[in-house]
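Asker: Sequence:
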Amino acid sequence: MLRALRRALRPARLRIPARRFTAGIAALPPTAREAFGTDATAAEAIAYNRRRVATATAVALYRSGHVLPMPDDHLDEAVRALDDFQYSAPSPETRAAIRAALAVLEADYTVTVAH
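In the working numbering, the protein residues as written are 14 to 128.
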């Protein structure tokens, strides 16, 4: 009750349209090569590409109402639902990045899902 009252007293916030989490919902930003060209080091490109997948996955999970904690196999399925990653298995670092991004979305009261 107190949580609902606090939310009612806050001004309007950033709203994310809610949709079912299906393949292709989360649009991926450009790859490291597209974003940086050949200027990025291998480590920078790997980190960028890992974060782009993690952020898109976290946004899609948040839109569809998923919350932490989430087991590894659920995160793997979420990544595979993205069109470009149907056959990939995310690394532990990618799963950690997904959890971190999802935790930020959950903790930030200025981000809400519009139904």
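Hints are computed from structural coordinates only; laboratory data are not their basis. Predicted model, so just to flag it, every value in this text is computed and none were measured. Beta carbons are placed, not taken as given, at the ideal position from N, Cα and C, and that holds for glycine. There's no promise every hint is true.
Ranges between beta-carbon positions, derived for each pair [said to hold, decoys possible]:
id, residue 1, residue 2, range
1, G78, D52, 38 to 48 Å
2, R46, G78, 30 to 40 Å
3, A56, Y122, 29 to 39 Å
4, V80, D52, 35 to 45 Å
5, G50, D86, 19 to 29 Å
6, I59, R93, 17 to 27 Å
7, P43, S101, 35 to 45 Å
Asker: Compare the structure with each hint and give your call.
Answerer: Hint-by-hint comparison with the structure:
1. G78 to D52: 38 to 48 Å: Holds - the Cβ-Cβ distance for G78 and D52, about 39 Å, lies within 38 to 48 Å.
2. R46 to G78: 30 to 40 Å: Cβ of R46 to Cβ of G78: about 34 Å, so the range 30 to 40 Å holds.
3. A56 to Y122: 29 to 39 Å: 35 Å, holds
4. V80 to D52: 35 to 45 Å: Cβ of V80 to Cβ of D52: about 38 Å, so the range 35 to 45 Å holds.
5. G50 to D86: 19 to 29 Å: Distance hint for G50, D86 is violated at roughly 36 Å.
6. I59 to R93: 17 to 27 Å: For R93 against I59, whose Cβ atoms are near 19 Å apart, the range 17 to 27 Å holds.
7. P43 to S101: 35 to 45 Å: 18 Å, violated
Checked against the numbered hints given earlier, this structure breaks hints 5 and 7; the rest are met.
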